[in-house]
Each structure stands twice: as C-alpha cells, then as structure tokens.
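In order, the protein sequences belong to chains A and B.
Each residue of the first sequence is one higher than the one before, counting from 1 in our numbering.
Each residue of the second sequence is one higher than the one before, counting from 1 in our numbering.
Derived by calculation from the structure, the hints in this document are not laboratory data.
Being a predicted model, the structure only gives us computed values, none of them experimental.
Treat the hints with caution; some may be incorrect.
Put simply, identical chains are the same to the list, so a pair is met inside one copy or across any two.
Straight-line alpha carbon distances no greater than 20 Å define the calculated SDA-like cross-link-like pairs of lysine to any residue that follow [as the list claims (entries may be wrong)]:
(1) Lys146 to Phe331
(2) Lys11 to Gly294
(3) Lys402 to Glu616
(4) Lys626 to Glu150
(5) Lys88 to Glu276
(6) Lys146 to Leu664
(7) Lys612 to Glu143
(8) Lys146 to Pro330
(9) Lys499 to Ile264
(10) Lys146 to Ala630
(11) Lys626 to Met149
(12) Lys83 to Gly257
(13) Lys443 to Lys499
(14) Lys443 to Met249
(15) Lys85 to Gly46
Listed below, chain by chain, are the residues.
2 protein chains.
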Amino acid sequence: MSNTDITGTAKVVFMPSGRRGDFPLGTTVLEASRALGVDLDTVCGGRAVCGRCQIVPSHGEFAKLQIVSEHNHLSESGPTEEKYKRIKGLKDGRRLGCQSQILGDMVIDVPEESQIHRQVVRKSADEIRDLEIDPVVTLHYVELPKPSMEDQRADLERIVAQLAQDWGLDGLAWDIQCLARLSPALRAGEAYGGEFKATVAVRGGREAIAVWPGFKDRVYGIAVDVGTTTVAGHLCALDTGEVLASSGMMNPQIRFGEDLMSRISYLQQNEGSAPELTSAVQAALADLVTVLAGEAGIDPQEVVELTIVGNPTMHHLVLGIDPTQLGMEPFPLVLDQGSSIRVRDLGLPVNPGGYAWFLPCIAGHVGADTAGVILSQAPHLTGEMTLVIDVGTNAEIVLGHKDRLIACSSPTGPAFEGAQITCGQRAAPGAIERVRIDRETLKPRFKVIGSDLWSDEPGFAEAIEGAGVTGICGSGIIEAVAELHLAGIVDASGRMQAKGLEIADHPNFRAKGRNFEYVLHTDDERAIYVAPGDVRAIQLAKSACYSGTRLLMDRMGTAQVDRIYLAGAFGSYIDVAYAMAIGLIPDCDLAQVASAGNAAGTGARIALLSAKARAEIDRVCRQVEKVETAIAEDFQEYFVAAMSLPHASDPFPQLEAWLEAEGLARR
Amino acid sequence: MSNTDITGTAKVVFMPSGRRGDFPLGTTVLEASRALGVDLDTVCGGRAVCGRCQIVPSHGEFAKLQIVSEHNHLSESGPTEEKYKRIKGLKDGRRLGCQSQILGDMVIDVPEESQIHRQVVRKSADEIRDLEIDPVVTLHYVELPKPSMEDQRADLERIVAQLAQDWGLDGLAWDIQCLARLSPALRAGEAYGGEFKATVAVRGGREAIAVWPGFKDRVYGIAVDVGTTTVAGHLCALDTGEVLASSGMMNPQIRFGEDLMSRISYLQQNEGSAPELTSAVQAALADLVTVLAGEAGIDPQEVVELTIVGNPTMHHLVLGIDPTQLGMEPFPLVLDQGSSIRVRDLGLPVNPGGYAWFLPCIAGHVGADTAGVILSQAPHLTGEMTLVIDVGTNAEIVLGHKDRLIACSSPTGPAFEGAQITCGQRAAPGAIERVRIDRETLKPRFKVIGSDLWSDEPGFAEAIEGAGVTGICGSGIIEAVAELHLAGIVDASGRMQAKGLEIADHPNFRAKGRNFEYVLHTDDERAIYVAPGDVRAIQLAKSACYSGTRLLMDRMGTAQVDRIYLAGAFGSYIDVAYAMAIGLIPDCDLAQVASAGNAAGTGARIALLSAKARAEIDRVCRQVEKVETAIAEDFQEYFVAAMSLPHASDPFPQLEAWLEAEGLARR
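Given only the sequences and the hints, what does the whole structure look like? Please build it.
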C-alpha cells in the first residue's frame, strides 16, 4: 500500500475480467489487481522498470457495472512514471499500473498486451491455433539488502525470502546450476546500485532455474520437431510467442539407416548401439539450438525451455532410451506420458537450469509427433468427425471429436517421398510436383518445383534452365497416377492398359516388354516417366493409409468424416483433391479438406507457450484409443479393397461431383 | 489375504512395538504387520525370497497383554518356506512372516534385524552414536505381467501400477537415467521366469532412482569428508550401516594452495578459476568412490547415495559454487541448508540416478563439517553444557546443550599440524608425538609414531631403526610446550627462561643468541629441538582456540563446561590433559574430556543412514547462533589473556588437581 494522505475507499472494476473490489484510496492499480487475481503482467514487481503493467483508465458512467468512472480518479503521473515515459515511451491514455494510485471509483481496462495470459491469434495454416499463453517460465525481478556483519544470511536464504515477500513464491526449489550462478549474478548486479538486484526465472511457480544480474524482461524457448530425416526448430519469445528464428538440419542418424525400420534393424543387429544413435541426434539438437540462438541474435543462456515432438523411436532415442522393443510385437513404449527433462541431461547448450518437455506418446507407433498434431488441429475440441493424417513413411491417423479419439499407425513406406518410384526423387527444385493429362490427346503438362509455369506455357524452358526437369516428387507421382487413372490410362485395379486408346506412335507412350510406360518429359539428358511398378507402389502406399483410416472409421462406427487435415511436409504439398482421387483419404466435402502444414511442430510451439496446453495434451493422449493395425483382423481386408482407385467398394460421391464441377471428369 | 478354509478372527500383538489388532484367520504375519504399521522389513514384498521378514512366535500366557499365545497358532512351515530354509537357512524358532498364517491369538516378536528402523549401536569413539536407521533409499522387488497386444501399456506405466499395488508407492517420480535402464532391466529379468521381474530403488518414497533385473536386496552409500588436505570416505551398506570399505586420498586442490586461505587468495587473484578447483576436487571424489567400490568388491552402480561434509569453502567448491565471497567480510554463504544434488551433476561415477546429500553449513566459517560434528557428538540432545572443538587450521567451536547451541570459528593457523614449527612435521612415522620432561634433571623422554616404547626404554633404538626420529608432530609439540612449562623452563608468559635452572653444560639446552633452544633428541643426522618461536606459535594457535571458546562461554553466560570433545585428526591424537595444560581448552573434569575421532565423518555416516538425522541436523543448524570472532569486540581481549599458559586470568582448578594426582605437578 503506498503512502497517501487521503482516507476512505474506492470501488474498482477491472475489464475485461469484470473483477471488482473496494480499496483504500491510494492503493496502486497493480496492488489492486494482485489482490483481485486480475491478470496484469509485471516483471519488475512494481518498480516502473518493465512497463508490463500498462492499463487504461476508462471514463464515463457504466450503468451495467454500477459505477461512475472519471479519469481524474487516478493519481497524476509522477516523476517515476514520467521518467519511464521519457525513456521507453508510453502510448496516449496508457498509465503504469504500478505507479497509478486509485483516488476514486473507476473502471480500469487491462489491454491484451498487459495480460500475462495474452492471446496468440492464428494467422495462417502454418500458424498456431488461437491460443492463450500460459507461461511455463516466469521472470521475477528482486532487489535485496546486501549482507552485512549484522545480517549474514546465505545468498539463497536472502533471495528466497525476497521472492516470497515480493512475489508470493514460497517453497521454491533451486537448481544447483542456477544456485552456482546466484552469487555472481547478485554481485554483478551491484553495478546497478546500492542493493543486490537480479531477475530470477521460475518454472511452474516451483523451481528457480536461472538467474541474471539486474533487470531482465524476456526469455526464450525452442520448439523442436525431431523427424527421422530432419530436425527442425522454432525459437520463440516465451511471453509473446513471437517466432524469432526457424531452422532445420538433417538428422545425422541417417548414417545408421535411411528410415525408421532400418534404424531399428541397426539397433537389433548391434546390441548396445542405442547410445550411439542418441549421441548423434542429441549433437544435432545441440547444433540446432546454437544455430537458432545465433539467428535470433540472443545468448543461448536466455533459452530456458524446449518442447520436443517426434515419432516414438526418435522420442526414445533423444531421451537416451533404447527403442529396440518398439520394433517387436507387442511394440510397447518405455515412456508415454509428457515428461520434463533437464536440458543438461540431453547435452543441450542452453541455460543449464532449463528443461525440455517431451510431448506424450500414444502408442508404439503413434508418438509425440501425433500428440503435436492433435494439439495443433484440436480434433478433441470440435463436435465434427475429424480425420487427421500425418503422412510420412508411416501414416499416423487420428479420428474423432471432442467425445472420443481413436488412433493408429499404418506403414505407407517411402513411396510418397519419391523412393521406390522409377523416376522418383525428394521434393527439390527440378522435381515434377503437378501433373495434368488431357483427356482427349492424352498429352501431359506439368509444373516443377522452382517454377510457377506449366510446362506448356511460354517461358517454361527458360524458367527451368539450370535445374532442368530431374524427376517426380511425392505430390507429383500422386497427381500423375490420379490423372492417368482419370484419363483412362490406368484402370481401377491399377493396371496400365491401352485398350481403346490411340497410343500408336504417341510420343508419351513407350513400350516396355508387354507393358508400356507413360513419359511425362524427355530432354537430352533423360526421360521422366511413370512405369507400371510406380502405380503399384503408390497403390500400396495409399492403400495402407486408407485402410488404416477405414479401420478407425469402422471402430468409430462412422461411414463419413466431416473434416480432413493432411499434416506433415508431404501432406502440405499434395493437392488434397488428387489425394482423394487416388483414394488416399476417404470421400469428404473437399472444402473441408485442408493441409495442416507441419502440425507436429506447431503442436510443439503451442506446448512451449502454454502449461495448460501441456496438461490438455497429456490428458487427451491418455484417453486416445489405440488400434493396432498389425493384429486387426479386418485390416487385410480393408487393405485389399483399398488397392483399387479410389476404392473397390467405398463410394466417393463428393469426389465425383467435384471432378464433374472442375471439368476433370474421368474419360 | 491367503486362501484358508478357516473362518473367524484372531488377536495379534507385535512386540516390541506392542501394536495389536484383530485379523481374519489365515492372514499372513507380514500382511498383519503392514496393516498395523509394524516395522517389519521386506524387500521381495512377501515372496519368500529376501528373508527380511523373519519373526519369532511367542508362547505362553501374557497377562499384561491379555493374550494367550501358542506356537501352533501359526500355520506350519509350507514348501515355500522349507525351500527358503534349505537354500538360505533359518535360525531355530524363526519363521518367515510372509509365509506364516495367523491361526489363533498370538504374540509375535520382531527381532532387531527384521526391523527396517534397526538400531546401530556405538562400539567405539570412532563409531557412530547409537542410531536408529531410517533409510533414505528403499528397495522394492516387483513382478509384472509382460506386455501383449492386448496390454500394450508403456513399461513405465506398467511398473508404476505394480509398485502402487504391491508397495503403496503412489505418484513416484522417475529419474530419466533410471527410466533409460528400465526396459533392459525388465527384459534381462525375463531370464528369471515368465514375468518381468525387477528391483527398484526408491528415494524418500518419492522417486525411483535405480532399477536392476530380478531380485536385489542391498544397495550402498558413501559418506565423504572433504577436507582441505585430504578427502576420506566410508562405504556402507544402507540397510545395516556396516562399513565395507574406508579410504582417503590427498585433496588435489593442494596445488592451488596448501591451506584454505591460500586457496581463497588464488580464487581472488585468478577470476573465474573456481571451476578449476571444483574439477580438481570432484575428480578426487570420483577416484575415491571408485577405490571404495573396488575395496568393497561391489559394482559402483550399487552405490545410490552419498553424504558430504566439509568446511564451507570445500562444501561450495564441490557443489560448483564459487566460494570467493567466503574470504571477504561479511563472509556470507551462498547456500546453507542441507541439499540433495544428483550425483551426475557432480561427475561421480556411481549410479547416475543417485544423490549426494550435503550436510548444512552454519556460517561462513562454520561449515558442513561442523554440522557433522554436531550430529556425531549430539550436544543438542544433552542437558550438559557441552563444548565441541574441531581443531585444524581453523578451530570450529560449538558450545551448548539441548536448549541452545552457539558456534564460532577461530583461525588457529597451521602450527598444530606441525607447520611453522622449527622441527615440525606432519604426523607420520618418526615424528615425536609424546614428550615428558623430568622435573629434576630436566631431561626429556619421548615416543615417536611407529613405536610403543619411550625413548629411555630398552629397545627403543632398535624399534625406530630405519625411520629414525625425524621431527615433532602437532601432538608432540603441544606436549613439549606443556612439559617445558610444567618443568619451569617456559614461564606463564611463554618465555623460555633459565632463571634458577641448572642448565650449564646440560646436553638438552643449546644457546642460541640471547635465547636458548631445548633439544629433545640428537643423532648423526639432526637435532630435534624446541625454539622460543615454536612456543610462541603454539601460544598463538591455542590462544585463538581458547579465546573463541571463551567468547562462546561468555555469550552463553557460563563460566564452566561439563563436557569437552576434541574432534578432527589432530583432536584425536592429542592428550587432552596436555591440551588443557597449555590452555587450548578451558578447565574441566578431565574424565569428561574426550577425543571424538573424525566426528565430521561420523556425522556424514549418520546422515547417510538416517533421513530423520538429516532433518534433525538441518533443523539444529538453522537454530545454532553464530558468533563472528572477527568483529567481536571482546575477542582481542580474550585472545591476549589466553596467550598465557594456561591462561592469564581464568583459573584451572580441575587441571591443577589432576596434575597433582598424576604426579605431574609443576616445578
């Protein structure tokens, strides 16, 4: 309570919370907000240093609130506030809550950016969903009396008492690494004036994890997606969620095997080799966080929290847990719940008191990446029957709504990544990514990555000069197969057949034994074509994905989904209509089918910013029902039926109507 | 509840606790003990594997207990118990509590070794005080159903559920390193039979810190005393307290300075050098634990807990905390409370899930070593006014009783360790450790370390052949000075004076300028003698010690102490009568003055075995009043008065009486 010579009390209403109370005249707005539990931010604890507690006094008569509020019911701006305004600036109408005293009844608006639990609003598909920040790590500035011969309390006891007094932080644990930095921080802080001054980072209100000299008002976190092929991270400000840097690099585990199964085979064949794979991926994460901090221009010591998503094998390997058993029936995880691990136990060169929070895993083949996808796409918050598929060498599939979620994993293989395809390649400049085949002439046109022009448009040759046309990537092969089918060159069973087609001397048809290949492009260096085996590979992959989905729909007792999200790098690039045209996904209103971008990574970012989101996804993952495709009796049946394009028995009326409307009707 | 066809209930009384209850016939003794909270040990959880739950059924009529007990009120020994008896043996009259069913009213004796909280009885001065073991780490054997396609629970979830069911351990935290070993432990345990079988070490009932395949019934701890000069440790079984190995080595920090102050000077002059000193001492501790495990013949992974004592500088350096501020007024500690630190944060090669518990520090110069001394000598548990002095280059002094403790540190310097003494040396073979001077002839006789003979006894020359007589150690110089004083050669002020003595041509008196030296021994190689400066050095050291004590007595308002303990390596070797004769300690009944051995290390062993003792010493240390000798106005005054032998103004009537009785009266 500040000193004041005014007596009496005033009625105060905080908006938008509507919390109200009576306070002695002279109470500061910050004090009143704390007393009422109003969400008003502060890092400096009321010393006019951080400027986080800005409020707007409201004028006029508020009949609904039964209050009359006038501007002059707040004390005039004093020299401390004026100094802040001069140095850091203060918008018109804004006041510092810690410096403004209540002198009469009033309504006080707390702007969004003055709230600790501020909203982050979704801006694009790749952006995180609307989210209320619920900080895992908070900053607390304190000023302490220095020790003297009369007051020889230990540094720790001293600062613990001050944090309890100023911030109500009782019973704080102190990490030893944070403690080792306490004394230098306090004594470096002496430069700031006659008292010890320091800022302490507190995690979950329970543990002091980092300390800095003087005043500090921002710390950072990194959300990491550990993929089998690449590791990628976003560095964010923990108070606003702003992304300051994004980067990715290869997962160096690739030297132990290209894909997941080959790495598990390596582990099985080389007993005791798990630490090697752990070291490799932890070293990559260490490099990644260093690169990210460099890009963001911050000290890695300012990074105090990470979140990590990844498939179960990556999840376990990053943690130093041997995942060999994940490759053997019954595929049990070692750890499934969301877990906080000290960064120094992972060898990450950020603030050593910090933690990495691993999102929960769901089952042996449905990992923390899927948990991230769920958190990002939030099927558990909607009433609509939602299907989310993260397509990679495995498809992780989640189906359901707010009352029930069900999940499985299905082994699609690497075809969608361009492997096992004759002219296949990874998505990179020069790769064909879009394909159209004229229903009459049977001639193709296409687009390659790196150019916006179709191959039959003027300037295409110039546009691709240099890179050339080098192969077909995953999205390209899906469109090629779909168009071959729609054009009548590939029948519903997936056979390439020329019956009834004029293909004699056709430049795009090339005989190969008793079969033929369809040539998309020829130049001096190479021909890019689709072979019968390529169609078969795509059929197998899409069938694995579809039959997993169909199994879940069957278990859920639904024949129809309301909404579909395709997640993952591959899922972001494919045209959802073509995905449906080959029967990778079930029939659905195409307006309700969307790419979700790197939803797993987005989920990691959400978890980075919100303790509530962590609790939410941990709870949801424990409730997700797992379906094990490997032992589901009907899976094989679904698989065989799903080999057809788009499917042997499931109707696709919405797809057909869309093809009709788009003029893409089948020949 | 075991199957039985008997109905009805029986009254059971457990002794020595006297706990009683009624149980359905057929209840096992172990079950009944758990229901009543009786202290009956088990590691295997009732599977007749560990044999910890042995009990003795009592016969006869127990009027006081209102019960009639007969042997046959316990079920006969069945095949499981017989198998145990055959393999591991079972004393006559003993039964396994987990296998014996209650069939009627009975009295059951729980022998000492079947109690978890068993007593450890003091056997010698260096032994720990009578102590009830209160284990910090407990072992829990579990058998789990293996995962199947129908039960795919994660390994962690599986074992957590079993530990909750079998052992009532709810909400256990799991260290990540323990978790990383869980899956291999469970699967190695497959060799033991059809289920997963493992033993989990749980710390404080809250965290799983280690796991082993199959059944395991013992883990170990190490109590470490980190001295400025040496580091020493005892490896103990955590269930019995038995010491399996003891070892010590030099503190390699010696290369940064011989004593504490020179190391703090090094730190002050070399900013940022604290990590160097930390690495040095942590490396020594790592070596020490490896040596101890080797000596005890155990796997270092079986060591799951350590306790550490040391002066404040060592305490901080082992923790990685820069102690520079401890050398500067106002000497504030960074950390004072007792603290658990994960061993891997200290680089100790024991089980990585284990912890080291650092005993609390009391003040900037009164550290965890003094806390250990208090725990060992327990002045806080007695009504007698107790003085405990840990004599080293600093004397840490504690005075008081159960209602009040008061402590200080006083800089004695290295004279007691033989440094700053002309012929001084460390305590080692060849060093003079005992001295007597004939009051008439003024001739000395002495004993050297390594021989039990006095120098004037037959065979002495042969006994010391090889080592020879090389110098005087700390206890030797104290006796020499005391005897010189008692023989009238050194006056009360400490001056060597020949007035009234027949020293002309005396072989033991050697002129040196205007003074003389007193020669204890001469041979071909050297003369061992006491110089006037040596007496002065001892006066300064003992005066520092005495004046600190006197200051505490003054603050306590007492002129008399009831009991004195001298702790530390030096304190163990000096003859307490001579310590009093020079005025190192105040007057006291000599029967009540004793050496306490390495009391700091003993305190560390007590803390290793008992969680209750940890809570006790943490509480006591927070209540100890600290007296800062450096700013106490009366300290200088006490210091000057204490330069006299034994003291300028304090009377020593009990000492005088004792000297008289022993025939050691002063000349």
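Status of each hint after checking the structure:
| no. | hint | verdict |
| --- | --- | --- |
| 1 | Lys146 to Phe331 | between (58 Å within a copy, 12 Å between copies) |
| 2 | Lys11 to Gly294 | neither (50 Å within a copy, 74 Å between copies) |
| 3 | Lys402 to Glu616 | within (12 Å within a copy, 52 Å between copies) |
| 4 | Lys626 to Glu150 | between (64 Å within a copy, 11 Å between copies) |
| 5 | Lys88 to Glu276 | neither (51 Å within a copy, 42 Å between copies) |
| 6 | Lys146 to Leu664 | neither (79 Å within a copy, 54 Å between copies) |
| 7 | Lys612 to Glu143 | neither (31 Å within a copy, 36 Å between copies) |
| 8 | Lys146 to Pro330 | between (61 Å within a copy, 10 Å between copies) |
| 9 | Lys499 to Ile264 | neither (45 Å within a copy, 93 Å between copies) |
| 10 | Lys146 to Ala630 | between (66 Å within a copy, 19 Å between copies) |
| 11 | Lys626 to Met149 | between (64 Å within a copy, 11 Å between copies) |
| 12 | Lys83 to Gly257 | neither (61 Å within a copy, 51 Å between copies) |
| 13 | Lys443 to Lys499 | within (17 Å within a copy, 129 Å between copies) |
| 14 | Lys443 to Met249 | neither (39 Å within a copy, 85 Å between copies) |
| 15 | Lys85 to Gly46 | within (15 Å within a copy, 72 Å between copies) |
In the structure shown, a violation is registered for the earlier hints numbered 2, 5, 6, 7, 9, 12, 14, in ascending order.
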